[in-house]
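Trainee: Starting from the known structure of chain A, arrange chain B on it as the hints suggest.
These protein sequences, in sequence, are chains A and B. Numbering follows the working numbering, in which position 410 of the first sequence is assigned residue number 410; successive positions increment by one, without gaps. Numbering follows the working numbering, in which position 20 of the second sequence is assigned residue number 20; successive positions increment by one, without gaps.
Just so you know, the hints here were simulated from the structure itself, not pulled from any lab data. Some hints here could point you the wrong way.
As the list claims (entries may be wrong) - Calculated cross-link-like contacts (lysine-lysine; reagent style DSBU-like; alpha-carbon spacing at most 30 Å): (1) B:K105 with A:K197; (2) A:K197 with B:K97; (3) B:K207 with A:K337; (4) B:K105 with A:K229; (5) A:K346 with B:K238; (6) B:K105 with A:K314; (7) B:K49 with A:K145; (8) A:K505 with A:K368; (9) B:K280 with B:K226.
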Amino acid sequence: MVKDLLLEIGVEELPSGYMAGAIKDLKKNLVAKFEDKRLVYGKIDVYGTPRRLVIHVENLSETQTDAVIENRGPKKEIAYDAQGQPSKAGLGFARGQGVAFEDLEIRELAGAQYLFVSKTEKGEKTINLLPNIMTDLITELSFPKSMRWGNYTLRFARPIRWILALYGNELLNFTIENLNSSNYTYGHRFLSSGSLKVQDINSYFQLLNDNYVILDQNKRKELIWQQIKEVADKVDGSPMENESLLEEVTYLVEYPTAFYGSFSTSYLDVPVEVLTTSMIEHQRYFPVFNQKGELLNGFIGVRNGTDYNLDVVKAGNERVLKARLEDALFFWNEDTKLPLNNLTEKLDDVLFHEKLGSLLEKVKRLEKIALYIGEQNQLSTPSKITQAALLCKADLVSNMVNEFPELQGVMGRYYAIKSGEDEEVAEAILEHYLPRFAGDVMPQTDTGKVLSLAEKIDNMVGSFAIGIKPTGSQDPYALRRQAMGLVNLILETEIQLDIPAILGKAYQTFDNITLINNQEKTVDEVYDFILQRFRGVMLERNISYDVIDAVLAVPSNNINILVEKSKILTEFKNSAGFEDFMVVFNRSYNLSKKWNQTDFDENLLVDPSEISLHKAFAERKDRVIGLFDSGDYLAALNIIIQLRPYIDEFFDAVMVMVDDENLKSARLSLLKCIADLCMNFADFNKIVS
Amino acid sequence: MNFQEIILALQNYWAKQGCIIGQPYDVEKGAGTMNPATFLRALGPEPWKTAYVEPSRRPTDGRYGDNPNRLQHYYQYQVILKPSPDNVIDLYLDSLKNLGIDPQKHDIRFVEDNWESPTLGAWGLGWEVWLDGMEITQFTYFQQCGGFDCHPVSAEITYGLERIAMYIQNQESVYDIEWVDNISYADIHHQGEVDYSHYNFEIADIKTLTTMFNLCEEEAKLVISKHLVLPAYDYVLKCSHLFNLLDARGAISVTERTGYIGRVRNLARMVAHEYVKQRKSLGYPLLKDEKLRKYLLADGEVS
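Here chain A stands alone, though its shape is the one from the complex:
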């Protein structure tokens, strides 16, 4: 027989950012507990609102599944005495297990014989197990930050104020510190009053609904988005689609009502990003755009309640936003009073990292690295690069970025335009942070590309040079993201860079700073770190792991060469000649892999097959290497294929491992030469066919 289970943890308003994680963890933890306790159930739903976390289990069996328990006892020779009678140890084990000695079995385990008991444990009644399960579920739930309250020692994200626990129609009794479970709940904080008795689980959901609580977060979210769209329709606009904002709002209300508010068009002089950030970050409003994609002088808020007295709510929200925008306008006016380069000097006061100097020092390093990259690749001009580098961090000391740190780069671009800077320089200020995450837009201007590369390289080299590198899940400076951004940018732009050379240059720009690791170690570690990200990026681009590993085994300082080689190898692997190639490689490699000589006297070769193999190899070797060097990899590989008949003939005709040491050595060296020629391109030994 089965019954439903309902647990409601009633709380003071939980942080919206914790909700998704708490819902997931509650389900995961409960599944594990049910499994551990051998409880069979139909379905588990977990719901969350600001004031409650709710678990609803359908069809939870009323008894635990019976279990066959098997325990190992003492060894047979200890369990019986010399007369073959049960020993004290044997009898003691039986007694301890609560069975007669005769019911024990002898089983063999790892070559020895042991007493074994096998007994059936009758499943307990679920209702007796649930109080402990519920208690543990609540007390073990963890949050990014938890707290204590009152005189109690229990920790939770915010204080727990009631616990509703029902199994079928029965109250589950348990106590956690001052909290006794009950069959009472509470409705909406303001639209329902007092406690509500829950008659049975089915009526609970209706009861909440009647008391202005839309329990199911997915329904609530859908409803909110639908309301927002309807409100936006009335002003012929479309709301900004912002999933994280929508989710946050969903967990801020139990009963949503969306409304439209407006502000004076005079604030539209402030950049759009400032207005939308202020609306979203400060007030959790949805910005609205007209059909042309221009920001409207309005916003959509979501009230936690009905439309009763909504005009007052709307007016209050409008007034608050007005004050916020007034501040934003003040910051905008203050920041644009002086040209942007005035702020660069102030960067001397701002620490980049305590061991890596100020932001002004960083900016000067960026200039040097970017100039070098620009020069090497004929990108942008020295004057643009210098100007962009010197301005790219200036907005960090502006009023606006101080208020909205996420607008770094965005404001710098606006301020540069206002200051009459070159258009490309202004773009580069924003672009040097790009890409900020996987799939983000890439810098479009040459100055932006160069500066973005320099920024990432400086971050990585500086951190590694003072011993900061990501370990496991620890990556406080987001260096993985930096490396990933660098790799993606180099791949997207197909820019040809000698990365270790640039890393070395970057290292030297820290000349006035005491570093922990030397240049060689730092460059090696950073490049290795970049290549690891590169491997990940290639895998994401559906290059198979054996191909990328084979290519990575032959070092190159230019990852775009590695990309090219991966593409060729993937193509080659699927071509008709690949099998022949692998025969040439495998037969020459397998025997010679432990051989480390390639010099030999060709006059030692005696058999016609080996003389012709050597000739065939010698005729082609320089051409193949020439083609590899010029990047015509496929042509080179196709020439190696031609060695197949000679190899086959050689192995048919001779034994390599002959007694004549000189002859054996010559043959192995010849094979080694052929294998090495293949290895010029990639380590084909890593290829999985």
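Mentor: Showing chain B alone in chain A's frame:
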């Protein structure tokens, strides 16, 4: 309701809840939390309930009397309930009703806010309380104070009096708040905002203030070494305010900032430590649970 009626209503309400109605502390400070009736009383096991108005100074927020929402001197209404009662949110909401703010007619939200004061070595979790989108209250459950774990936990309710008054009186500018009949907030405070903004941003002598900071820090250490808790704490407050002034004056670089904050926090910790020891040596007089009192007094050293 005029400004002082709002204050009186809160005083009456919290007096009825058993709070000691305190008075502002007579040293400059950035927030009601820094009043010893909060910062020190939140430490240790003794229960405590108080409510008071606190004039608070944030020199960097000065706007020469031009901005309708920002002031370098403003008023907080501070409530401390230790231990935090189980119905503390209901008590708070009732205080709003008492001011004529009916939650049903508005949108009241509790939005996550993690409060931290690096200078006091204090932090807590709670909310910003929003009234129709406007933050009117900070609600915090103290978890640590002066580096000590708080047990029991105090609930701190800090009302922004000007914001509430603007809302109740439907004013767009803080200066238009009616203090009493025919006397506005501007009449009382506008010139002060102008003068202090000039002083904080332009006139304050950096060298003098730096010297004063160093002197106050030395004095605090000297007084702490003599185990005189409150006199020592006064100098911690002075250091904190001098730091805020230097900051507004633009005299503290980001690099130096961390150092200054660390110095004030260090003093705050020393005072907190002395206070905890002192209360214990006094036998926790406010602890009425005799069994618990004896148990705690027998308990090991204050660390």
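Trainee: Each hint: holds or not?
Mentor: Status of each hint after checking the structure:
no., hint, result
1, B:K105 with A:K197, "26 Å, holds"
2, A:K197 with B:K97, "27 Å, holds"
3, B:K207 with A:K337, "29 Å, holds"
4, B:K105 with A:K229, "25 Å, holds"
5, A:K346 with B:K238, "28 Å, holds"
6, B:K105 with A:K314, "11 Å, holds"
7, B:K49 with A:K145, "27 Å, holds"
8, A:K505 with A:K368, "9 Å, holds"
9, B:K280 with B:K226, "17 Å, holds"
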